[in-house]
Every structure is written in C-alpha cells, then in structure tokens.
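K.L.:
This is what each chain is made of:
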Amino acid sequence: MIEVRDLRVRYGGRLAAHVPELDVAAGECVAIVGESGSGKSTTLLSLLGLLPDADVSGNVRVCGVDVLSASPRELRAVRGARAALVIQSPQAALSPATRLGVLMRRALRLHGRDAGERVMAEAVESVLLDPAILRRRPHEVSGGQAQRFAIALAIALGAEVILADEPTSALDVTVQAEVVGVLRRLREERGLALLLVSHDLALVSTIADRVLVMRDGEVVESGPAGRVLAEPSHPYTRELLEALP
Amino acid sequence: MRGPVRLRRTLPRVPDRLAGLGGVLIALVVLAAVFAPLLAPYPADELKPAEALLPPDGAHWFGTDQVGRDILTRVLYGGRTSLAVAAAVLAASAAVGVTLGVVAGYAGGWLRDVILRVTDVFLAFPALLLSLALAVVLQPSVSTAVVAIAVTWWPWYTRLAASVAASVATRPYVDAARCLGVPAPMIVLRHVLPNSLTPVLVQISLDAGGVILTAAALSYLGLGAQEPTAEWGLMVQQGQSLFTTNWWVVTFPGLAILVTAFAFNMLGEGLRNALDPRRAVR
Amino acid sequence: MPRYLARRLGQALLVVAGVVVLTFAVMRLVPGDPAVAFAGPKATPEQLAQARARFGLDEPVPVQFLAYVRDLFTGDWGVSLRTRQPVRDDLYQAFPASLELVGAALVLAVAAGVPLGVLAARFRTRLPDLGVRVGSMLAVSVPVFWLALTLQLVFAGNLGWFPVAGEYDASLDTTSPLTLWTNITIVDALITGNWPIFTSTLRHLVLPALVVAAYPAGVIAQMTRAALIEEAGQDHARMERALGFGETAVLTRFALRPALNPVLSLIALVFAYSIVNGFLVEAVFNWPGLGRYAAESIRSLDTPAIAGVTLLVALVYVVANLVVDVLQGFVDPRARRR
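These protein sequence lines map, in sequence, to chains P, E and F. Residue 219 in the UniProt record's numbering sits at position 219 of the first sequence; the count goes up by one each step and never skips. Residue 53 in the UniProt record's numbering sits at position 53 of the second sequence; the count goes up by one each step and never skips. Residue 113 in the UniProt record's numbering sits at position 113 of the third sequence; the count goes up by one each step and never skips.
In short, the hints are calculated from the structure, not lab data. Virtual Cβ for every residue (Gly too), placed ideally from N, Cα, C. Do not take every clue at face value.
[As the list claims (entries may be wrong)] Facing chain F, from chain P, some residues (calculated, C-beta under 7 Å):
no.: 1; residue: L85
no.: 2; residue: A93
no.: 3; residue: L94
no.: 4; residue: P224
no.: 5; residue: G226
[To be verified] Quick look at which bits of chain E chain F covers, simulated, 3 or more residues with Cβ under 8 Å:
no.: 6; stretch: 103–110
no.: 7; stretch: 117–131
no.: 8; stretch: 134–147
no.: 9; stretch: 238–249
no.: 10; stretch: 254–261
Throw the hints in and build the complete structure from the sequences for me.
P.N.:
Pasting the structure below:
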C-alpha cells in the first residue's frame, strides 16, 4: 500500500529526513521510531504531501498514486478516502467550532460517500464510541474519544492505510490501551495497512511487524520488530531501548 | 543587555517588499519636505491674484489656488507641517507614555492600577473626538493641534511600555541586579528602557499615519493650522467650495495626505510583522 | 461568569466616571467666558451676571462639578448656546441619523472586508493577496473628508448617479410624510412601508456610507486575513487537508468560524471610531447626524453641545466594548481570565 524509495525532505537546503526504502503491505504494521526531531513525523506527513514549505524528492506511492507528481486533485482523492491520518493532539486536530458529526458528514460528502445517520453511527460504534458523540464539539470530548473518532473517520471513509503520528503519546495509559486495541482489531478485521510513528517502544513492540529507527533525519536501522527490539545492531537503538522503564 | 543600546541590533529586519516601498515613500516625503525651499518652483507664500485657479500645466504642475499660489509649492511646504506635527506628537506621546508605563510596569501594585485605569479613561474616547474637543477649547493653531493629539495618543505607549517593563522586571538577571542592591532607577535605565525601545519604535511607525490623518482632519475642520500656513487638510478645506469647477485644488493636497499615511502604515505593518511574525495584523 | 460580569461592569463604570471628569475638565479649559458666549457680546453686566448664575459659573469648581454630575444623572445635559434647546433633545434628534449612516457603513465593511480577507488568505503571498493588502492599507490611510469630497464630485456631481447631499428628498415630507418610530429614517420607512422615503434614503446613503465604510472594511479585511492564516496553520487544518479537503474548503468551511471571533470584537471597536469619522463625512454630505451637529457646534464654540456629543460618543464606545467583552466571555471561557 505504501512504497517509498529514496525519499528526501529538505527545508531550505537542510535535509530533515532521508528514507532509502519503506514498504507497508495491506494488513501490515510498520513503525518508525526515534526521538523528537529525528525526522519521523516529517517522513509521515510528506507521504500525504502535507508539508507545503518543504522540498520533497524521491519516489513515493501511496495506494498506487505517485504522491510527488500527483495533481492536487488526485492527491485530495487519496487523502482521507484511501489513506487517513491520525495525529498526536487529537482535540487540536479537530476544528474547534465544528461538531464531530458535521465534520464526518462533510468528509463523506466530499468523497461522494453515503453520509446517512446509520453509516456514521456504525463507524463510530466500530471504535467503541457512543453515536451521541457526533453531536459534540471537540472541546466536549476526551482525548481518547477524539483519537478514536479520528480513526472512525478513516473507517467511515473506507481508508486502506492509516498513517498515525504519535497516536497515543498525548493520552493516559488506560486510554492508550483502548486506542491500540482499536487499531489492532481494524488491522486484523479489515486488513488495513498501518504506518505508525512513535517514540514509545513499548507500544511499538506490541503492534508493529517491522521497525525503522531514525536519528537526525537518517534511518540507522531497520528490520523485523522482534529482531530490532531484541538484538539491536546500532548503538542508538540500544540507547533507546535502555531508556525504557 | 549591557552598555549602550545598539539600534542596529534591536531593530528587526524588514523582509517585506511592501514595507520597503513604504520606507522609500517616506524617504521621498521627508526629503521633499526638508528640501522644500530648494525644490519648490515658487516662493512659499507668493500671491498672484492674476494667476488664480490656473489648471495644472507646465508652469504650475499642480495648478494654482484661489489667490494664485502654486499648489505644488504649497504641497511641498505642507509636508513640513505634517511631518513636524507627527514628530512632535509622537515624541511627546512616547516620552510621557513610556515614562508612565515603565513606572507602572516596574513598580506594579496600586501605582500600576491607578496609571492603567487612567489610560482606560483616555482610551475610552475615540482619539479624534477627544482631540476635537480639546482643539475647540484651545485656540486653534498648529501647536494646539499637537497638544490635542498628543493628549489622546500617550496612553497607548503607557500600555505598551508597562507590559514590556512588567515582563522584564521578572527576568532572572533583573532579580539578580535587585538583590545586588542596584538602585531601581539604574535597573530601569539599564534593562527596562532598552527592552522597550524596539516595540515603541514599531508603534511609532504604526501611529505616524494615524497622527497625520488626525492632524489633517483637525485642520480641515478649522481647528489646526491656520491661514497662511501650508497644511494639506487646510488646503482641502479652503478648496472644497471650488472643487466642482477646479478639481486640482482639492485633489493634490488630499493625495499628499493619502500617500504619506499609506507609506507610514506600510512600513509600520512590515516592522511589526518582522518583530512578531505570528501576529500579522492587529 | 457572574464574577467576570461584575468585574467587567465595575471597570466600565470606572471608565465612565473618568470620562465625566475629563469632559468636565475640557469644558473648564475654555478660554473666554461661556456666559459671554451665551448672553452675546453686547450684554449688560446684569445680563452677564444672570447668565453666569444660570450656568452656576459663580460657584467654586468642585460645586460646579457636583452640579454637573447631578444634572447628567437627572437627564439635564445642559442647553445648547446655539440652538437654545436642551442638548439632550438635540442629541436625540441627531444620533439616530448617525447610527443609520454608521450601521450601513459597517454592513458594507463586513460584506466587503470578510470576503476580501478570505481571498487574500487563500492566495497568500500571491497577486490577490498583494492587491488586498495594498487596497486595505489605502482604505485605512485615506483622509475621509477628501474621499467624501472626491466621491461626491465624481459620482454625484459629474456622473449624477447619486444625490449630492441630505438624507432623503425633502419634498417627500409633504407627499408621503414619515411616521417616526425609532427615529432612524430607513428603519421607520421600512416598517411603515413608506417606499418613496425608503428608496430615497437608500440612494442618499450610498456615497456617505461607502466613505465611512473604507476604514472598517480595510481593518476587517486585514484582520480576517491574519486570523485565517493563523487558523490555517493550526493542527486541525492539517487534519482537514489530510481528509482530502482543498485549501478553499479548509478556509471557508472550517477556519472562518473561529477566525471571525476577533473580527467580531473589531467591529465593536471600529463602530465608535466610525461615528467620529462620520463627523467629517456628515459635514460634506450634509447628513443630519451627530457629526453635522458637532461641526456646527464647533464653529459657534457651543461648549455644552460639544461636551454632550463627546460624552455620548464616549458612552457608546464604553458600552460597545462592554458588550463585546461580555459576548466573548460567553462564547469563549478563556476570554474571562483577561
């Protein structure tokens, strides 16, 4: 679902991220780990063309669409409908004046989907939320609810890929488990591809099949999650693992 | 920040071309005003009733007014009046306002509350209105217009300086200085004032346009400059009854006000954006 | 909320008290003797003394001040030296016409300023943005009296599209007299179905309202642009783009609502400013509002009238600010902490 070859993201000449190779197949979960500033979020956002000020080069295909050479129209058709984004601060990610149901209805209509009450209620229920939440505004819901709603948006729109940027790090531990549970179930039931960016190695170890470790914009190590986390070959990965509680 | 303030360091860069345009226009207006005696094609107050109300031509680019004075000459000299008024108003407002503001911000407590409540009262009047009321009761002249406008403008500088001073007063190095027994006036002079300088300069460039417009409005109402002073607002007022038949008597002085106010507003906005890019307009 | 209301109201009352003191002080600054102005230059000493006693000018200043405050509260705003009428009645006559003019101007300003701000934000740093920025800057930099004269000459004088001056055709007062309800001509004409006066007022309103609208339209366009650009940089805008919404949809369907909050409070601020700006415009278009009244009072050094206008506009200003703050307090709980 995601194929990346030799991706380079530059800000005013400075290389912010360089990823030689990254593939995510349907039903697979790949995690990018690293400290803040390592270029992992930059990589993720560049896959959807969401970095307006950056200079992005390389070869990126998301759901079969060449993101870097796609027209704005083609790009907008991929965003949301086929590849969905879930970001770190769930409440700030929702427009403050817009009720959640209104946002979902607008997004469904945008992509020409059925925006009936039933469809919306089912999507919300599939992430274990009460459909009443559709009548609320972002500041009236909790962080975990907002995050699950973001996932429900992806489901309602029929996304095949979810790109999640630190989806749990703004949440309480118990709420984190709920969100991770929802993500894992979707992957198993619907065969969603999941690209996860996180600094939380504990989370990564429970869900990811493969791991990329990034530092200062470069990939320093990659491979199956079990191997990378059990027998890290790069000293930086070891450092990260030792920092775990 | 130690030692004398280095202006070049504290002034932000102006990246914006529009701000640059404003700067160039201001330079032109200032040069035209300063060198008015050299640039003006005719003596300042030369009356030639025989040449009254001539339309613009090669001899009088902007035409002549009802008593035969060359309008280009008067527009050039009018720039001197407007810029002098703006400079005087802003210097007086900034001096009084910053002094009170620094006292309020640094001292805090009841003194701060009293000073800020007083500024509230002054800010409750739209500036032009209070200036109007004052200009009416004082004898109309250029200098009373300066007083009348300055009275409405200083509270902005008090507010600004108070907030800067309050934030500086809580910084560790100021605390340290206080603990070392450095007297308060010294701290204000060395730390608080230099930090207020940049925002105050930006505010001055933002306000200059408004002051020029207000001064012109007062003169237009007969409450500022008096005949025979060359002043743009006054020229518009004197020409308005002739406007239907002699368009140039009103058009050129008005354009002069517009261009000058526009130039200052552009530069001010650019400076503010350079200082605080997050806040593009307020 | 009640505590916020009480504190904000207390502040407003303090400001009003200060405004009264300041107005009184300004009136006391008058060079020359208001009694002379009232009794006329040829008055006998007895007449002068009478006039002085009438205005309480023979009392010490603190007593005069207390009397002034007492009179204000009992609705006695003094007698105009020029019209010889109670200032309050004069203001009651003039204020609705000013409201009409400024109200129409603000409608125009919002109708032009908000879409222009959206346009500029949508095409940021490109040509439309440059055009809106320069245009709005020109609009706030133009001397209103000059713009009024120029538009009057071009569109009323030369082209004849609009009437030159006045509020409506005076001849209509005999052919279809207006029943007064609110004293605001256009509103009264509308609710009583007086179409001749309604259309005439509308035609007379266009030019002065356009002139008064220039400044608020400029600041509203600038503020809308800035607020939209800030909103479009927030996390939620990134999320909306990630959902497939285009740039225009992000701005108009999601960012505009929150961005209009600061624009709303701006409108209250420019409201009182526009009334004063309207002074200069009313004089040119002979609009029967506060501005014309003030201009005539200024010409005849009519201090009670000038003090009355000053006080009224300052009160409008304070009330407008209060209303906005309270509204914002309701809409946005964070505003209460300021």
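K.L.:
Work down the list of hints and note, for each, if the structure agrees.
P.N.:
Verification of the supplied hints:
1. L85: Hint on L85(P): holds, closest Cβ of chain F at ~4 Å, below 7 Å.
2. A93: Interface hint status for A93(P): holds (4 Å vs cutoff 7 Å).
3. L94: Holds. Min distance 6 Å.
4. P224: This interface hint is violated because 29 Å lies over the 7 Å limit.
5. G226: Check failed: Cβ of G226(P) comes no nearer than 31 Å to chain F, outside 7 Å.
6. 103–110: The restraint on the stretch 103–110 of chain E is violated, since only 0 of its residues have a Cβ under 8 Å from chain F and three are required.
7. 117–131: holds (count 11)
8. 134–147: holds (count 5)
9. 238–249: holds (count 4)
10. 254–261: Since 4 is at least three, the answer is holds.
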